[in-house]
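Read top to bottom, the protein sequences are chains A and B.
The first sequence begins at 31 in my numbering and counts up one residue at a time.
The second sequence begins at 42 in my numbering and counts up one residue at a time.
Derived from the structure by calculation, the hints contain no laboratory data.
The C-beta atom is built at its ideal place from N, Cα and C for all residues, glycine as well.
Heads up, some of the hints might be wrong.
Said to hold, decoys possible - One side only, chain A facing chain B, incomplete, derived with CB under 7 Å:
no.: 1; residue: Arg-70
no.: 2; residue: Gly-73
no.: 3; residue: Cys-74
no.: 4; residue: Arg-79
no.: 5; residue: Ala-82
no.: 6; residue: Arg-92
no.: 7; residue: Gly-95
no.: 8; residue: Thr-96
no.: 9; residue: Gly-135
no.: 10; residue: Ile-136
no.: 11; residue: Ser-137
Spelled out from the first residue to the last, the chains are:
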Amino acid sequence: MWRIHKYAAGLLLVCGTAVAEAGGGDLVTASAQGEQVYARCAGCHSPDRNRAGPMHCGLLGRLSGTVEGFSYSEAMRQAEITWNTETLDAFLEDPTGYVPGTSMGISGISDAGQRQALVAWLSTLTIGSALCPPGAKP
Amino acid sequence: MKPLIKQPQSTALVTQTAQATRRKFLKQSGAVTFSGLAIAMLGGASHAHAAGTSDEAAQQDIRILNTAIAAEHEAVAAYQVGAESGLLSSEVLSVAVAFQGHHKEHVDALVKAVRSLGGTEVEPLAQYQFPVEKLKQQSDVLQFAAGLERGAVSAYAGAIPVFDNRDLAGAAASILADEAMHWAVLRHALGLDPVPGAFFS
């Protein structure tokens, strides 16, 4: 039991700190939660390098299937989606439904709040941000 | 100390299920591809390709398997980096080598499944960009490996519901179980609670 309490307290602390440092705001809280949700992506993705999935630095505003050096599926190369909050939300809810033929064959995130938090966190991965040094530019 | 494994169970399981998938596909495709069926049955694996490519569900399963293979190759390479780092005690090194061996077996099993479905497996990358500059002591290597295993658990948990073939989903679950055990052992070695919760996605 105590472990669960300690964990919950830790989570609160993490979110609290993030909000305090950035001067508050819902988006910051959401993005801190989103970082936790990103654990579900981290088997295949890292912000700054291509792995089983493409890098996520500079994702927002990018055209789908265009990270250099990553071998995309035919479907993703031809999808011509510009990644923004709406398109990411739709893709992450149902990857194989939104881009039939994608090689990101995982079930989506059904919880809209979790998706929102995740997308908020992904939006912080601009080139030049802490996790995305300029060298990470695709 | 090390058990001698003659026929790795997981390999057999995935191969069997992939064959079952092919059988199921052949059954489903019915009269339209009857000649394809006959050829595949007579010719075995080399002809499965012709039959398999027309089936979108099988293609989807091949894509999921190939993404899993890519992640497994990465794990094999990561353990290699850890093993060669010179940072591991002999005891930890032997555990790392054993876990790497499991990941190699996962690759073999998944490759067989892809081939049985008529697909072509992805190759390992020529080079992996690991954060090697951050590996300064044994605990860094353990943490790095634990992160990969935790990620793999999520990846399989995400992939399992998407397999068209339930037997492949079952085989993926058996791999997930193995990687979850790796994760727990690595957390334990790091002095962390080995099983920090009841659910992981």
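Hints and how they fare:
{"no.": "1", "hint": "Arg-70", "verdict": "holds, 5 Å"}
{"no.": "2", "hint": "Gly-73", "verdict": "holds, 3 Å"}
{"no.": "3", "hint": "Cys-74", "verdict": "holds, 6 Å"}
{"no.": "4", "hint": "Arg-79", "verdict": "holds, 4 Å"}
{"no.": "5", "hint": "Ala-82", "verdict": "holds, 4 Å"}
{"no.": "6", "hint": "Arg-92", "verdict": "violated, 19 Å"}
{"no.": "7", "hint": "Gly-95", "verdict": "violated, 14 Å"}
{"no.": "8", "hint": "Thr-96", "verdict": "violated, 19 Å"}
{"no.": "9", "hint": "Gly-135", "verdict": "holds, 4 Å"}
{"no.": "10", "hint": "Ile-136", "verdict": "holds, 3 Å"}
{"no.": "11", "hint": "Ser-137", "verdict": "holds, 4 Å"}
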